[in-house]
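Student: Sequence:
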Amino acid sequence: MGNSEVAVPGLPMIDRATIADLLANIQDWESAIRHEKWCRAIQDGKFSFGAEECSYSPIGQGSWLMEAFGVEEPNFADPRDRHPYLPNFLTSNWKLFHDALLAHQSFVMQELLPKYQIVLN
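Residue 136 is where the sequence shown starts when you use the working numbering, and the numbers rise one by one after that.
Some hints could be false.
To be verified - FRET-style restraints, in silico, Cβ to Cβ:
| id | residue 1 | residue 2 | range |
| --- | --- | --- | --- |
| 1 | Lys250 | Pro219 | 16 to 24 Å |
| 2 | Pro214 | Leu248 | 29 to 37 Å |
| 3 | Ala159 | Pro214 | 37 to 45 Å |
| 4 | Gln240 | Arg169 | 19 to 27 Å |
| 5 | Asp179 | Gly205 | 28 to 36 Å |
| 6 | Val206 | Leu248 | 36 to 44 Å |
| 7 | Gln240 | Leu158 | 29 to 37 Å |
| 8 | Asp216 | Ala152 | 41 to 49 Å |
| 9 | Gln245 | Glu207 | 32 to 40 Å |
| 10 | Tyr220 | Lys250 | 33 to 41 Å |
| 11 | Tyr251 | Tyr220 | 38 to 46 Å |
Unchecked claim - Pairs of lysine-lysine, DSBU-like flavour, derived with a Cα cap of 35 Å:
| id | residue 1 | residue 2 |
| --- | --- | --- |
| 12 | Lys172 | Lys230 |
| 13 | Lys250 | Lys230 |
| 14 | Lys181 | Lys230 |
| 15 | Lys250 | Lys172 |
Simulated from the structure, these hints should not be mistaken for lab results. Quantities reported herein were computed from a predicted structural model and do not represent experimental measurements. The beta-carbon is built from N, C-alpha and C at its ideal position, and this holds for glycine as well.
Start from the sequences and build out the full structure, keeping to the hints where you can.
Tutor: Here it is, written out as structure tokens:
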């Protein structure tokens, strides 16, 4: 296991322990159930930042898609589906989350797995 302090500087030990416990014990097959349990832990104040409201809207009002694209549900499969560029797109949660996913995928495929002589195409 790597040094998590490098990836997440300043993460309190109590939060590391909480995350490890949740990862080890939330093993439900359905993602909606896992999400509900993580939200419950946040709402119950299990983390050092205290109890916080936790909600998720996959589409429509309050969703990251709506924030980033200004429409309820963009049709990414249709190349004719065009939307005006919104000034906050580059700083939207949707864009930043997808940037983080790409960075994580790159790290896993180009650094982590090759370190263990595992190569993926």
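Student: Is Lys250 within 35 Å of Lys230, Cα to Cα?
Tutor: holds (29 Å)
Student: Verify the CB-CB distance for Val206 and Leu248 against the hinted window 36 to 44 Å.
Tutor: holds (37 Å)
Student: Range first: 28 to 36 Å. Now tell me if the beta carbons of Asp179 and Gly205 are that far apart.
Tutor: The hinted range 28 to 36 Å holds for Asp179 and Gly205, with Cβ atoms some 35 Å apart.
Student: Taking 38 to 46 Å as the hint, is the beta-carbon distance of Tyr251 and Tyr220 inside that range?
Tutor: Distance hint for Tyr251, Tyr220 holds at roughly 42 Å.
Student: Range first: 37 to 45 Å. Now tell me if the beta carbons of Ala159 and Pro214 are that far apart.
Tutor: For Pro214 against Ala159, whose Cβ atoms are near 43 Å apart, the range 37 to 45 Å holds.
Student: Take a look at whether the Cβ-Cβ distance between Asp216 and Ala152 falls inside 41 to 49 Å.
Tutor: holds (45 Å)
Student: What's the verdict on Lys172 and Lys230, does the C-alpha distance respect the 35 Å limit or exceed it?
Tutor: Holds, at roughly 25 Å.
Student: Cβ-Cβ distance between Gln245 and Glu207: within 32 to 40 Å?
Tutor: Between Gln245 and Glu207, where Cβ atoms are some 36 Å apart, the hint holds.
Student: For the range 16 to 24 Å, tell me whether the beta carbons of Lys250 and Pro219 fit it or not.
Tutor: violated (44 Å)
Student: For the pair Gln240 and Arg169, does the Cβ-Cβ distance stay inside 19 to 27 Å?
Tutor: At 20 Å between Cβs, range holds.
Student: Lys181 and Lys230 were given as a pair; does the straight-line alpha-carbon distance stay at or below 35 Å?
Tutor: holds (28 Å)
Student: Measuring from beta carbon to beta carbon, are Gln240 and Leu158 in 29 to 37 Å?
Tutor: violated (19 Å)
Hint compliance for this structure: hints 1, 7 are not met, and every other hint is.
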